[in-house]
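Colleague: One-letter residues, chain by chain:
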Amino acid sequence: MSQVVETNKLIFGMDIGDNEFSFTSSIETALISAESEIQSLKETITSVESLRPNCDKLDYALAASSGVLCGIIDIFLVGKPNKSQKTDKMNSPAADVVDRWFEKRIFDFAKLCGWDSKKDDSLSTAITFLEEKFEIPYDQRGAGDSGSDIFGLTPSNHHFKSLGHNPTLLGLFFSILDQFTNQSHFVSGGDVISLQNADGKSKLNGKSVPAKLFSGFVNWFGHLISDVSGSSSSKGRGMGIPSPFWSWTNDLIVIKRYLNIPPSQFDSIINELALSIYTEGFDIRFQATQAIPVFINEIITRFMYAIRRLIKYLATTDKTEISASDMWKACEPFSNATVKRMLTVGHGVFCMIDLSDATIRAFSKSSGAFNMKEFALRLNIAGVGRFTISLYGEVKRAVSIGKAVSEAQFARREIAIVENYLSGLSILSKIYDDENLVDFVDDFKNSDMYVQAFQKSVKLAELRKVSDNKILRTKSDIDSYFREGDRQ
Amino acid sequence: MSKKKSKLERTQELTELAIKKTNKKIDELGFYTSQIYDELNTIQKIFDDIRNVPSEEWLKYEELKKIRLNWKQQAEKIETDYKNTVAKNAGKGAAGVGIGVAFAALGPTAAMGIATTFGIASTGTAISTLSGAAATNAALAWLGGGALAAGGGGITAGSIIMNLFSPIGWMISGTALASSGFLLWKGKNDRNRLENIFILISKRDVKSFELAIVEINERITRIKDEVQKLNNAIERIKEFGLDYNLMPEDIQYELGSYVNLMNSSTQLLINPILGLQSKYTEDDFKTYNSFDKNKVDDRLRSLIIYLANLLYKITLDDKDKTLLWKSFKRNKEFLKLVEISKKDFDFSIIETVTDALQQKYHSEKN
Chain A
1 MSQVVETNKL IFGMDIGDNE FSFTSSIETA LISAESEIQS LKETITSVES
51 LRPNCDKLDY ALAASSGVLC GIIDIFLVGK PNKSQKTDKM NSPAADVVDR
101 WFEKRIFDFA KLCGWDSKKD DSLSTAITFL EEKFEIPYDQ RGAGDSGSDI
151 FGLTPSNHHF KSLGHNPTLL GLFFSILDQF TNQSHFVSGG DVISLQNADG
201 KSKLNGKSVP AKLFSGFVNW FGHLISDVSG SSSSKGRGMG IPSPFWSWTN
251 DLIVIKRYLN IPPSQFDSII NELALSIYTE GFDIRFQATQ AIPVFINEII
301 TRFMYAIRRL IKYLATTDKT EISASDMWKA CEPFSNATVK RMLTVGHGVF
351 CMIDLSDATI RAFSKSSGAF NMKEFALRLN IAGVGRFTIS LYGEVKRAVS
401 IGKAVSEAQF ARREIAIVEN YLSGLSILSK IYDDENLVDF VDDFKNSDMY
451 VQAFQKSVKL AELRKVSDNK ILRTKSDIDS YFREGDRQ
Chain B
1 MSKKKSKLER TQELTELAIK KTNKKIDELG FYTSQIYDEL NTIQKIFDDI
51 RNVPSEEWLK YEELKKIRLN WKQQAEKIET DYKNTVAKNA GKGAAGVGIG
101 VAFAALGPTA AMGIATTFGI ASTGTAISTL SGAAATNAAL AWLGGGALAA
151 GGGGITAGSI IMNLFSPIGW MISGTALASS GFLLWKGKND RNRLENIFIL
201 ISKRDVKSFE LAIVEINERI TRIKDEVQKL NNAIERIKEF GLDYNLMPED
251 IQYELGSYVN LMNSSTQLLI NPILGLQSKY TEDDFKTYNS FDKNKVDDRL
301 RSLIIYLANL LYKITLDDKD KTLLWKSFKR NKEFLKLVEI SKKDFDFSII
351 ETVTDALQQK YHSEKN
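Residue numbers (UniProt numbering), protein chains in the order written: chain A, 1 to 488; chain B, 1 to 366.
Watch out, some of these pointers could steer you wrong.
Claimed, not checked - Straight-line Cα separation of at most 30 Å, BS3-like style, residue types lysine-lysine; simulated pairs:
#1 Lys475/A x Lys229/B
#2 Lys336/B x Lys430/A
#3 Lys465/A x Lys224/B
#4 Lys465/A x Lys65/B
#5 Lys465/A x Lys321/B
#6 Lys465/A x Lys238/B
#7 Lys5/B x Lys42/A
#8 Lys7/B x Lys403/A
#9 Lys470/A x Lys238/B
#10 Lys321/B x Lys336/B
#11 Lys4/B x Lys475/A
#12 Lys119/A x Lys133/A
#13 Lys343/B x Lys459/A
#14 Lys365/B x Lys343/B
Unchecked claim - Beyond 10 Å from chain A on every Cβ pair, some chain B residues (computed):
#15 Lys238
#16 Phe291
#17 Leu300
#18 Ser348
#19 Gln358
Calculated directly from the structure, the hints in this document are not laboratory data.
Here the structure is a predicted model, which means the values were calculated and not measured.
Positions of the beta carbon are idealized from the N, C-alpha and C atoms, including for glycine.
Just chain A, same shape as in the assembly:
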């Protein structure tokens, strides 16, 4: 056979290098890796559960109650932008609080920018300071300014119509463009109007283009802050910055105009509606007011979720086993399907109440006919936006659950295969458990316990499934094997 060993022929295409696929060589390692494989398959199966919301009736009831409560807050404390004729303050208590809050922030911002409040601490002085500090060329506000008569610009609508005063990306773009080119862009009556040489006084700081761009951005932002509670010449509440959501109706018209697509009638109607509710006081301050009940709803729902889980954790965990990290894990009201489902319910109920209120009032305002303006003034955009995000999350989770379920089904089938492999390995680990049996050869050399050493050889033969009649088990078996000739 020796020449056989020397033969080296190509067989089975084994010349292919396949380093990327290596097998485990020892049974022990293979067993460990098979077990971990099963573990990871089991994790795939259980991961489906973490994607499914686990809300009980009480969770749903609590979330819905939170939605109802916040809906009531929205109806009675937020309402719609409505100025009192006598005091020029908002009739809505929440909006009034928010207006004051914004005024205080203007003082803070002006001080931060170097305003000296000791000389005159009125709001209009602070605003004047900021308007001068962040001077822009597009501040034509109506009578006396160029083009105001022709384009219908008035002090009450110019923040809306002037693109540079819009808190949107396009607003930022036009603000910087206007600052660079000394122009002024407006949207009025479905058209985009640009005034050349708008204001000769405005100048951009900085020597390089990036520096000027930065300066343009700062001017845009600073000027927005100066206008958030009305301009320096405003009396009372003043006209603030339009809400970002409604400003998009301007953006839509601008984009269509520049793409040479005439804005549709719908675009114009929506734009007009946005303008009219802005003139009623629906500005960024009122938008912030609307966010209050939505925010409260968010907080209450998450809090309810956390409190219930905390109580459950404390009730079911032995005092000695309580740990801060486990507790946090048990009641953390973020990133889990259950709290997200509760939020969908909470915001859904809130939106339902808000929409019903807005619809009823829209009808009652015009005695039976639907009053779109009243509806838009009452509609809580922040609530609708938040509910949309929740709904999107629900759809996304439903899709991932569908995918995870099929993955889990496949993992279950794969487990059967790996378990079979594992049982094969267990058989091998028994068959090849002969390490201490084979060493009997050394026992003969090193000790006098030859009978025990012989017994090991018997066990080895048994393990290797040598036929019973061939195994030499006793001294007489050995004798007969070697003395058969003598017996004859």
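Using the hints, position chain B against chain A.
Modeller: Here is chain B on its own, set in the frame of chain A:
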């Protein structure tokens, strides 16, 4: 531009890689088995010298020699049969390409590795009746699988496997089937279902090869160690002299132990490798058929054993079963290979297979 590989293709690539790796290991095993074979013959010769004149009674111990001789003959037969198959198929198109060209030659160490891998006989079975057909077919099937792995042959080479219904034919045929029109289904859902079944088959096969490699590695370690031990034993026995009766008791025990060692080491040649054994055997079928009230037609025996091996440990729901049945039924090539008409390929065959497998799983548990 290369198309992104599907999950099934990626899994099948892993299966092919596993086949190559196993082939390599089998060849390595063959190298060591030839060494231990030499050592076993030498030690047997020394024992015979001590054992005086042969007698009738004494002959029963000669069975061991016979086992080893059979093993060697079988290895040689595998080699010869292989060469004949290559010669026969050389001019026969696809099958010839699959076997004849992809593999230039089957080396003797590989033949010995194959003989060792598939085992010569289970304990108590007459070796002479098994040596030959079973292992040779296994070897040829193995080569068919190798051909598939190398990209040649396709179902044509696979036909050799299926006609043989040999111990490992079932393992490779999963890949062959998947690439033979089984997955050309119109509905995306149905195609995904079928693909998942074949992915699972491939994954199961990879696991079987992994198991085989783990065992072959263990086997090689044992053989290397025992070649050394047998060699040392030979040296020691030479010092004991030839007269058993003159030897002290401890030496006699030692001699007896070496006989047991010789026997045990011989088993390393003939005990089959677990991972490469047929999952569902003729015996399993016989047991099933003896329990089942509706006796299965014996003409379907081979087909049922084949399908049981193909679907072993693959969990199927009713929809899977129906889909699989339809895909088998409309695959003309497959029906031709298993020698059954479309009309006769009844759904009850699939049900019988799953039923038979359930019984097998049940018996494995107990």
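Colleague: Indicate, hint by hint, whether the structure satisfies it.
Modeller: Hint check:
Distance restraint check for Lys475/A and Lys229/B: the Cα-Cα separation of roughly 22 Å lies within the 30 Å cut-off, and the hinted pair is therefore satisfied. Annotation: proposed proximity of Lys336/B to Lys430/A is violated, straight-line Cα distance about 43 Å (limit 30 Å). Using a Cα cut-off of 30 Å, the hinted pair Lys465/A and Lys224/B holds, with the two alpha carbons roughly 20 Å apart. The hinted pair formed by Lys465/A and Lys65/B meets the criterion: a straight-line CA distance of about 17 Å does not exceed 30 Å.
The straight-line distance between the Cα atoms of Lys465/A and Lys321/B is roughly 40 Å, outside the 30 Å bound, and the hint therefore fails. With a C-alpha separation of about 28 Å, the suggested pair Lys465/A and Lys238/B falls inside the 30 Å cut-off, and the hint holds. With a CA separation close to 27 Å, the supplied pair Lys5/B and Lys42/A stays within the 30 Å bound. Taking the CA atoms of Lys7/B and Lys403/A, the gap is about 15 Å. The hint holds against a cut of 30 Å.
A distance of roughly 23 Å separates the Cα atoms of Lys470/A and Lys238/B; the hinted pair therefore holds under the 30 Å criterion. Restraint check: the Cα-Cα separation between Lys321/B and Lys336/B comes to about 21 Å, which is no more than 30 Å; the hinted pair holds. At most 30 Å may separate the alpha-carbon atoms for a hinted pair to count; Lys4/B and Lys475/A exceed this at roughly 69 Å. Taking the CA atoms of Lys119/A and Lys133/A, the gap is about 17 Å. The hint holds against a cut of 30 Å.
Proximity of Lys343/B to Lys459/A is assessed by CA-CA distance (about 56 Å); at most 30 Å being required, the pair is judged violated. Taken as a hint, the Lys365/B and Lys343/B pair is broken in the structure, with Cα atoms around 36 Å apart against an allowance of 30 Å. At roughly 15 Å, the least C-beta separation between Lys238/B and chain A is larger than 10 Å, which holds for a residue marked as non-interface. The Cβ of Phe291/B sits about 22 Å from the closest Cβ of chain A, beyond the 10 Å cut-off, so the non-interface label holds.
Its beta-carbon lying about 25 Å from the closest one in chain A, Leu300/B satisfies the requirement of being farther than 10 Å from that chain. Chain A leaves Ser348/B outside its interface by the beta-carbon criterion, the shortest separation being 24 Å against a cut-off of 10 Å. Residue-level check passed: Gln358/B sits 12 Å from the nearest beta carbon of chain A, beyond 10 Å.
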